[in-house]
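*Asks:* Here the sequence shown stands for residues 417 to 797, numbered as in the numbering used here.
Because the hints were derived from the structure by calculation, they are not lab data. Every residue gets a Cβ at the ideal spot worked out from N, C-alpha and C, and that includes glycine. Any given hint could turn out to be false.
Restraint-style ranges between C-beta atoms, simulated for each label pair [stated by the list, open to error]:
1) Glu666 with Arg792: 49 to 59 Å
2) Pro524 with Gln723: 45 to 55 Å
3) Gly594 with Pro481: 17 to 27 Å
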Amino acid sequence: MSMAGNLRKVGSLGKVSSLRKVGRLRKVARLGRRRSRVDLSHPARSPLGSSVVNCVSYRRGVRQPSVDTLVEAVERIRKTDDGFVWLGLHEPTEQEFAGIADLFDLHPLAVEDAVHAHQRPKVERYDHALFAVFKTVCYVEHTELTATSEVVDTGEIMVFVGRDFVITVRHGRHGSLGPLREELEASPEQLAQGPAAVLHAIADQVVDDYLAATDAVQSDIDQVETDVFAPDGARADPGRIYQLKRELLELKRAVVPLGHPLQVLASTPMRAIAPEIQAYFRDVDDHLKRATEQIAAFDELLNSILQAHLAQVTVAQNEDMRKITAWAAVVAVPTMACGLYGMNFEHMPELHWRYGYPLVMSVITATCFALYRGFRRNGWL
Numbered sequence: 417m418s419m420a421g422n423l424r425k426v427g428s429l430g431k432v433s434s435l436r437k438v439g440r441l442r443k444v445a446r447l448g449r450r451r452s453r454v455d456l457s458h459p460a461r462s463p464l465g466s467s468v469v470n471c472v473s474y475r476r477g478v479r480q481p482s483v484d485t486l487v488e489a490v491e492r493i494r495k496t497d498d499g500f501v502w503l504g505l506h507e508p509t510e511q512e513f514a515g516i517a518d519l520f521d522l523h524p525l526a527v528e529d530a531v532h533a534h535q536r537p538k539v540e541r542y543d544h545a546l547f548a549v550f551k552t553v554c555y556v557e558h559t560e561l562t563a564t565s566e567v568v569d570t571g572e573i574m575v576f577v578g579r580d581f582v583i584t585v586r587h588g589r590h591g592s593l594g595p596l597r598e599e600l601e602a603s604p605e606q607l608a609q610g611p612a613a614v615l616h617a618i619a620d621q622v623v624d625d626y627l628a629a630t631d632a633v634q635s636d637i638d639q640v641e642t643d644v645f646a647p648d649g650a651r652a653d654p655g656r657i658y659q660l661k662r663e664l665l666e667l668k669r670a671v672v673p674l675g676h677p678l679q680v681l682a683s684t685p686m687r688a689i690a691p692e693i694q695a696y697f698r699d700v701d702d703h704l705k706r707a708t709e710q711i712a713a714f715d716e717l718l719n720s721i722l723q724a725h726l727a728q729v730t731v732a733q734n735e736d737m738r739k740i741t742a743w744a745a746v747v748a749v750p751t752m753a754c755g756l757y758g759m760n761f762e763h764m765p766e767l768h769w770r771y772g773y774p775l776v777m778s779v780i781t782a783t784c785f786a787l788y789r790g791f792r793r794n795g796w797l
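Kindly generate the complete structure, drawing on both the sequences and the hints.
*Replies:* As structure tokens, then:
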């Protein structure tokens, strides 16, 4: 029977022996800029038949052969006091997570947050474990930005870190950790640093995805800016600007709150994270600051674009009103003359004169032409 298929039996098997002290972690080499990843997201329910995406044990950074049950894997790791277990879950239910929580002695509050999701990015320390929440972001490709286009999609990754285990709980249809696991397995010297190195790699990937999303959003903003400042920019759809601001707000809610948790990971002493690894969280924090600054700049730019669009609309309306007013002034001349001579009075000047009608029409035409020339010269027509 596979390890994934036996996870539901964990709760009845009880707790294993207490944690032993692990050796001092060696210095970790920072992960470089990664290539763009293909999203290997699992469907709503894992192909393994449960919420389990993967479950692997590592010793000295090398992946170990699979065993029958998760309990056996944990017992083997704790007997040798070397290595750790990495368990990946996707949207587990309370029943599916109950046995795992008992096996690793996870705090009930952290378990509740991991199951129900919709949490704010944070880092919480418990007796023997660390619980971190990351918001994941994915840019949604679209051929044309409209007033209803979805620009960014968000999810969550919860990470439990102990001395000999890493449990990742993913919510949403993106943010797969499969490619990251493959990269780490290709660099055993990094995995050999223990669960804290996995936490650093996850944080680094999440922040890199933030930067990729902000770069993609910038293309949409540039397109909107080009359309607004085009010659017919007053006719641009303002709904696209509002939609971009709404999507940018969702991106901001995912990115900005992560600043404090990363500072905690980078500077606060923790048993689960060695000082050698904490130094590399500062680099991740620097990248997060860059993403935060970009989002703030985008927000200000969208405000300026919206104000410019409203100003263009106002100017266009003023131009229309000037044209209407000018034509109304031109039409007022024949209207006044015709209204004057349309009164039913018997004695009126030039009423019975042969050249009265041509004279009146000539005066009306000359006056209208003079008004038209004057308005045209002043830019009203």
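*Asks:* For every hint, state whether the structure bears it out.
*Replies:* Taking the hints in turn, this is what the structure says about them:
{"no.": "1", "hint": "Glu666 with Arg792: 49 to 59 Å", "result": "holds, 51 Å"}
{"no.": "2", "hint": "Pro524 with Gln723: 45 to 55 Å", "result": "holds, 50 Å"}
{"no.": "3", "hint": "Gly594 with Pro481: 17 to 27 Å", "result": "holds, 19 Å"}
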